[in-house]
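Sequences listed follow chains U and H, in order. Numbering-wise (the UniProt record's numbering), the first sequence opens with residue 1 and increments by one. Numbering-wise (the UniProt record's numbering), the second sequence opens with residue 1 and increments by one.
A couple of the hints might just be wrong.
Stated by the list, open to error - Partial pick of chain U residues on the chain H-facing surface, computed with a CB cut under 10 Å: (1) 29; (2) 34; (3) 48; (4) 60.
I should point out that these hints are in silico values taken from the structure, not numbers from a laboratory. For clarity, every value in this text was computed on a predicted model and none was experimentally measured. Note that the Cβ used here is the ideal one computed from N, Cα and C, for glycine as well.
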Amino acid sequence: MASNAAVPFWRAAGMTYITYSNICANLVRNCLKEPYKTEALTREKVHFAVSKWVDSKPQKSTIRSDTEEE
Amino acid sequence: MIYLSFNKIIIIIIIILCKIFYSIRRRNRQKRVENNIQHPLSPADAPPLPISESADADAAAASSTTITTMFRQASRLLARSINQQPKMMARAFSTDVPATPTVDSTFVESWKKVIPNMEPPKTPLTFMQPRPSTPSTIPSKLTVNFVLPYASELSSKEVDMVIVPATTGQMGVLPGHVPTIAELKPGVLSVHEGNDVTKYFLSSGFAFIHANSVADIIAIEAVPIDQIDQSLVQKGLAEFTQKLSTATTDLEKAEAQIGVDVHSALNSALTG
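Isolated chain U (complex conformation) (with noise of 0.2 Å):
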């Protein structure tokens, strides 16, 4: 069995399954017709905050967010 065999285009590239997966789901629902495809752009929003710990204190969080903030 061939360790190294034939990895996918996007592997080689340096990009995960996930982010691969992501691109596909984002590219097919900017394809779809109207209505539809504004149901699938709120259904698929994420809004999160990520924050970095140094010496086991957090420090201050950069939120990430589809959503307009204001």
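Given chain U's structure and the hints, the job is docking chain H onto it.
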């Protein structure tokens, strides 16, 4: 059916030949001692070793009777096992998990002793359906669970066939399919139930086909074909083909390639 009776005929012929062989031998050695034939029912894979030990005619004769008797036993065993095989599986699959008992009987009994009039409370385990076991005969319908992250499209639906867009090509799944894990590429999933065919365009995902003819198909996005906008697909295809030719880094190339793949799959789903 014809195949089965062919096997039986072969077995019967072998048995008859052995019987003839044996009776000839017995007639030849009528006055000889036929004593050490009380060996156990050993299968024919271990030919008797005593042949090498002594050169006596007696030992040779005894061991040859052993051989013929073993032949008969072996053919009898073979016939029995062949006859039994279609009717019952000799071994359970190693992937079969025995169903955990959903009701704790000691709890229920002690409950009934104290409060005989009320039903014992249900635990979460009782609400769970146990994994369907692998039947010994191939079921007539395939059970499909088609799920998305936000909804369950098909849940335990009995269908005749599904065609999944695996990375290795369109794969048709019928009941009794070999257990398979298939990665899916962007493409069309078609579910065949009698004369109806329902088609969905999947963005990507996996299909798990189990030994008990249950297929779990998971995808991130799945849309019925009529929700796809043709003009947007054409636009996207043109855009990504152009990006592919102008891409510089590996990552950009990969992204553009993904775009081209997805849009061309969408295109063929609309036209095909």
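Have a go at the residue 60 of chain U hint: is there a Cβ in chain H nearer than 10 Å to its own Cβ? violated, 29 Å
Just to be careful: measuring from the Cβ of residue 29 of chain U to every Cβ in chain H, is the smallest value less than 10 Å? This hint holds: residue 29 of chain U lies near chain H, its Cβ roughly 6 Å from the closest one there, short of 10 Å.
With a cut-off of 10 Å, does the beta carbon of residue 34 of chain U approach a beta carbon of chain H closely enough for the hint to hold? holds, 8 Å
For the restraint on residue 48 of chain U, tell me whether the closest CB of chain H is nearer than 10 Å. Where the cut-off is 10 Å and the nearest Cβ of chain H is about 16 Å from residue 48 of chain U, the hint is violated.
Violated hints, in rising order: 3, 4; the structure is consistent with all others.
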